[in-house]
Each structure stands twice: as structure tokens, then as C-alpha cells.
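Enquirer: Taken in order, these protein sequences are the chains called A and B. Heads up, the working numbering is the position in the first sequence plus 8, with the first residue counted as 1. Heads up, the working numbering is the position in the second sequence plus 982, with the first residue counted as 1.
Some hints here could point you the wrong way.
In silico contact screen, one side only, chain B against chain A (beta carbon under 10 Å); selected entries [as the list claims (entries may be wrong)]: (1) Pro1059; (2) Thr1187; (3) Leu1194; (4) Gly1198; (5) Thr1199; (6) Gly1206; (7) Arg1211; (8) Gly1250.
Distance windows between CB atoms, simulated [unchecked claim]: (9) Asp1208/B x Gly122/A: 19 to 25 Å; (10) Asn47/A x Ala1115/B: 22 to 28 Å; (11) Ser20/A x Phe1135/B: 33 to 39 Å; (12) Gly1137/B x Ala123/A: 49 to 55 Å; (13) Thr1169/B x His116/A: 37 to 43 Å; (14) Gly122/A x Gly1137/B: 45 to 51 Å; (15) Phe1153/B x Ser80/A: 52 to 58 Å; (16) Tyr21/A x Ala1131/B: 23 to 29 Å; (17) Ala1138/B x Ala123/A: 55 to 61 Å; (18) Ala1134/B x Gly30/A: 44 to 50 Å; (19) Thr1004/B x His96/A: 49 to 55 Å; (20) Ala269/A x Phe1303/B: 47 to 53 Å.
What the hints contain is simulated information worked out from the structure, not anything from laboratory work. Beta carbons: idealized from backbone N, C-alpha and C, even for Gly.
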Amino acid sequence: MTILDAQELSFSYDRKAAVVDGVALSVARGAIVGLLGPNGSGKTTLLRLLSGTLTPDRGRVMLDGRSIATLSRRDLARRIAVVPQETHSTFDFSALDIVMMGRYPHLHTFELEGANDLAIARRAMADTGTAALEDRRFAALSGGEKQRVVIAGALAQASDVLLLDEPTASLDLGFQFDIAALLSRLNRDRGTTMLVSTHDLNLVAALCTELVLLKNGRVVAQGATDAVLTPAHIRELYGVIAEVTPHSRAGHITVVPVGRAD
Amino acid sequence: MLAAFGALTAIVCVTAPLIGSTPIQLSRVFDRTIPFADNVDAQVFFVARLPRVLAAALVGSAFAVAGVVFQAFLRNPLASPDTLGVSSGATLGAVIVITFHIDSALLGVSAVPVATFAGAAGALGIVYAMSVARRRGTSSTVLLLAGVALSAFLGALNRFIQVLGDFTDTFRSIRWMMGSLDVGGYTDIVVALVPIAAACAAIGTLPRELDLVSMGTAAAESRGVDVRRAEQIALVSASLLTGAAVSLGGPIPFVGIIVPHIVRLIVGPDHRLVLPAAALFGGTFLVICDVIARTAFGPAGMPVGAVTAFLGGPFFLWLLFRRAR
Chain A
9 MTILDAQELS FSYDRKAAVV DGVALSVARG AIVGLLGPNG SGKTTLLRLL SGTLTPDRGR
69 VMLDGRSIAT LSRRDLARRI AVVPQETHST FDFSALDIVM MGRYPHLHTF ELEGANDLAI
129 ARRAMADTGT AALEDRRFAA LSGGEKQRVV IAGALAQASD VLLLDEPTAS LDLGFQFDIA
189 ALLSRLNRDR GTTMLVSTHD LNLVAALCTE LVLLKNGRVV AQGATDAVLT PAHIRELYGV
249 IAEVTPHSRA GHITVVPVGR AD
Chain B
983 MLAAFGALTA IVCVTAPLIG STPIQLSRVF DRTIPFADNV DAQVFFVARL PRVLAAALVG
1043 SAFAVAGVVF QAFLRNPLAS PDTLGVSSGA TLGAVIVITF HIDSALLGVS AVPVATFAGA
1103 AGALGIVYAM SVARRRGTSS TVLLLAGVAL SAFLGALNRF IQVLGDFTDT FRSIRWMMGS
1163 LDVGGYTDIV VALVPIAAAC AAIGTLPREL DLVSMGTAAA ESRGVDVRRA EQIALVSASL
1223 LTGAAVSLGG PIPFVGIIVP HIVRLIVGPD HRLVLPAAAL FGGTFLVICD VIARTAFGPA
1283 GMPVGAVTAF LGGPFFLWLL FRRAR
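Start from the sequences, fold in the hints, and give me the full structure.
Expert: Okay, structure coming up:
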């Protein structure tokens, strides 16, 4: 069943060339969908349109059959959470403070977080392996720890859909592996629907059941990972010749770039 | 914790009027057996000194709360009414009124507060444009430098206008620009209290939004904050605070930076504590600075702005280099 559905979405900054140009995509409930595309292809803008933090020039985004334009920011945040590429804290918030901020859309103006909110936040930290970081200063955490704390904050938001914008971009191989395992586990245990934008082809091969390929703001291909992640598409997207082969030990297809296409 | 800040504020506000060139005793001030007309201690307390103490408390609170708001929205702990040029804008309004003798009262309110609001609002427009730029990714260093440039530009305008005035006008506006809490009486305080209370009430509805916005616009929006609405309410209120504070006490520098920092060191970053604590401690801080200003430098006293600058300049540098490490 479709939970998130974009219809003919278009958007341009400052009335210049469209960054997102007539995109149609649908995400099934409980799916992990990968969003691939070269730099400047409109991935981040598309995610912002889907989360409602940008308003499309044309087209609309439907969440469970309802246009998100009719929902308030607060209502929307209860349904869709976003994990940005990087998060910086200006002040000395602790990791738990950051996670507790995820409870914002569930509280009234003068309502304080209660025991229930704290329990939800603690569970989100346990689920992301960040329980031990609770009292640490967020700003002093490593990149991988920060990203897991931010994901915990998104979980504390208790939404059905999680949009992740290049969640592993600034992380080393070990942390990339941890985040992939974490997302896979959260999808399995909590049934969270995810849309993950990334440049990491092997990450999507391991993690995603479906892919959306984006170039110049348009959808190039969309479908099951094995069917869409082909040498022809990789060449079209990145101008790179790659070999795509099943890997028996990894249990999924793997991509090996071998050279630049002319 | 907040109770401690409240108690400190109360103690300082009662003690401060007792300190001065004429020694008075608290027991005599509140001695109801002596009629007010014969009670010199009570007269000194209520007529000569208390208005000044209340003005200091009000102005200090206003600058401190405005500083907290600017710091959260621009995501920079060095942002404040003075570093962003909002104080200079408000001052420009006052200097224009003083120099060109625009003395006509508007709806019973003297022209000076009205002009400072207008000046602060104009400078706020520029700050708001900076905040929008910040949302689009302009670095906070650029914003602070823009604030420095704006302050310098408005300062030059101020001096240019002063040159146009005669000797008395120039002296008046120079005194004004040094910052002085020598208010005439309780009327000025009430005139400033109304917008300050309204602005604080409006900002008081947004502590959680300030927490989230300090993490970045995208992060705040995805957590459900209506950033544009919060930004409009908070920045308009902060400029109202700055305008009211400058109209009452002049552009007293550094209060909007020092106080939020000390408060955060004590209560942590949560704005539900930072806002009330900054309001209380901002008042306390400026009352203490004003006691120093009027007692420590002989009978002539010293503008309170000089005292806060002596303390604030080194503090600012310390903060800057501590952050730069």
C-alpha cells in the first residue's frame, strides 16, 4: 500500500531552471527506497518537497491519500521525520536533549515533556545504540555518534516515514556499516518506511528494496533494486563504467566502478 | 534555580538604592511613623534612587532577552543587539530627534521612544535580511561582520547628524550615546515597561522553538516548528526590546552578550530556563554595573555604558578566542 506519493512535482529556486522537474514517485508502506543521483540532480530538494519544508511550484505530495499542503507543520512532523546530512548544535545541548527535541510536535505550547516522552526518547536511544551517550555534549560527539543521535531524535518523533539525506556521507567505512545495519533493523523491527538519498551504491544495494534514479531533476528509472541498479543506469547517472555482480558473501549485488565513460 | 535568580534580583534591587553618596538606612526608609515629607531617607530611596534602579533592571532584562533571541536565531553566541547594529539603529532615531528638536509628543508619548523603536525596526529589517541569508547558508562569520559594518555605518551617521546640531544638542546626544540610566521619574519607566513586558510575553511562548531553531532551520522545520512564524514574532519582539531599552537607557553595550553566556553556564542551554534566567540576571547585572558607575568614580559618576564596556570588551574577546580554539 502506498504511503507517500508524489505527483508531477516541480520546483525552482528564484524562478531559474527547475531543480525538480515533473517528478512522480511512490513509496510503499514499510519499504526502504533508495534515492540515487549525481550532485545537483535535485535529491535534497526532492526530499525537502516530500517533507513539506519546501512548497512545490506545481504538483503535490500525498501522504496516506491526503495532500500534505493541508497539514500544519506540527501535524506533518508527527507523520514524517527527516535526518539531514549534518547537524550542528550552537549551544551545549546533551545527546538526550537533542533526542527529546523530537517530541516537539507532540507537545502543546506550554507543555513540558513527561515520563512518557522521556521513555520514548530513551527507547529511541537504546534502539540506535546511543543510550550510553545520553549525558554527553552533542557537539563533542564523533560524526557517526552524532548521526545516530539525530536518527534517535527522528525516531522519538514517532513518525511513520523517515527521510534521510545522505546519512553516511561524512562517515568512515565502519560507521557507514553501522548506520546501514541500524536502518535495516529499524525497518524490520519498527516497520518504519524510509527514503534514503545517497551516493553509496553498495549501501543501497545492501539496504534498499527499491530505487528511484534522479538526473537533472527528473526520474530516470524507478523499480526493484536488482532491476534498476544496472551498468547502463550507472553510466547514465554518473558517466562511470561499472560492473554489477551478485556477491555471495555479502548477500546482495555489488557495484565496482572500473573507469570513466567518455 | 530560577528562584535563586529571582531572590538575587530582589535583594540587589532593594540593596542598590541604599548605596550612594548620601547614606540611608532601610529601617528608616520603611518607617511608617515618619511622614514621607519629613523622611529624607525615604525620599532619597523612592525619588532619587529607586527609579534609576528600576530603569537599570528593566533595561538590563530587555537587552539580555533580546541577546538570547538573536543568538538562537542567528545560531551564533556572539550575536546581540549591539553586535548586529540594532542598538545603533535605535540610537540613530534618538539622535535625530534630539538634534532636530522633534519634541512634539505623539499620543502622549515623547518622540524619543517612538524614534528609537523606528530606528531599531529599521536595523531589524537589515538583521532580518541577514537571518534569511543565514537560512540560505551564509556563514555566521559573514553575518557578524555585516553587523559590525552596519554598526560602524550607523555610528558614522550618528556623528554626522551630531555635527549638524549646536553645542547643547551635541552634548545631550553624546551623553545619550554613552548610556545613562538617570531617568526623570517613574513615567519613563512605565512607557518602556509596556513594550518590554509585551515583547517578553511574546518571546515567552517560544522557548522550545528557540531550542530547535538553534539547531538549524531545516532541523527545526522537520521537527514541526513553523520557523517563519516563530522568526517573525521573536525578531520583532527582540527589536521592540532593544528600542525600548535604548530609549530608556541609551545603547548600553555588551549586556546582551555577557548575560546570556553567564546564564547558560549556570542553567544550561534549555531556553525554558535561559529566557527567564536571562531576564532576571540581566536586570541584576545592570543594576550592579550602575551602582559601580554612580559610586566608584567620585560624585560626578560615570556613564553605566562605560562600565559595561570595560567588563564586556575583554569578556567578548575571551569568548571569541575560546570559541576559536
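Enquirer: It remains to establish, for every hint, whether it holds in the given structure.
Expert: Okay, the hints, checked on the actual structure:
1. Pro1059: holds (7 Å)
2. Thr1187: holds (6 Å)
3. Leu1194: Holds, because the Cβ-Cβ distance from Leu1194/B to chain A comes to roughly 6 Å (cut-off 10 Å).
4. Gly1198: Since the shortest Cβ distance to chain A is 7 Å, the answer is holds.
5. Thr1199: This interface hint holds because 8 Å falls under the 10 Å limit.
6. Gly1206: holds (3 Å)
7. Arg1211: Since chain A brings a Cβ to about 9 Å from Arg1211/B, closer than 10 Å, the hint holds.
8. Gly1250: This interface hint holds because 7 Å falls under the 10 Å limit.
9. Asp1208/B x Gly122/A: 19 to 25 Å: holds (23 Å)
10. Asn47/A x Ala1115/B: 22 to 28 Å: The hint (22 to 28 Å, Cβ to Cβ) holds, given that Asn47/A and Ala1115/B are roughly 23 Å apart.
11. Ser20/A x Phe1135/B: 33 to 39 Å: At roughly 35 Å between Cβ atoms, Phe1135/B and Ser20/A fall inside 33 to 39 Å, so the hint holds.
12. Gly1137/B x Ala123/A: 49 to 55 Å: Holds, since Gly1137/B and Ala123/A (Cβ atoms, about 53 Å apart) stay within the stated range.
13. Thr1169/B x His116/A: 37 to 43 Å: holds (39 Å)
14. Gly122/A x Gly1137/B: 45 to 51 Å: For Gly122/A and Gly1137/B the Cβ distance comes to about 50 Å; the hint holds.
15. Phe1153/B x Ser80/A: 52 to 58 Å: At roughly 55 Å between Cβ atoms, Ser80/A and Phe1153/B fall inside 52 to 58 Å, so the hint holds.
16. Tyr21/A x Ala1131/B: 23 to 29 Å: holds (27 Å)
17. Ala1138/B x Ala123/A: 55 to 61 Å: holds (57 Å)
18. Ala1134/B x Gly30/A: 44 to 50 Å: holds (49 Å)
19. Thr1004/B x His96/A: 49 to 55 Å: Once the Cβ atoms are compared, 54 Å apart, the range 49 to 55 Å for His96/A and Thr1004/B holds.
20. Ala269/A x Phe1303/B: 47 to 53 Å: At roughly 51 Å between Cβ atoms, Phe1303/B and Ala269/A fall inside 47 to 53 Å, so the hint holds.
Figure legend: structure checked against the earlier numbered hints; every hint is met.
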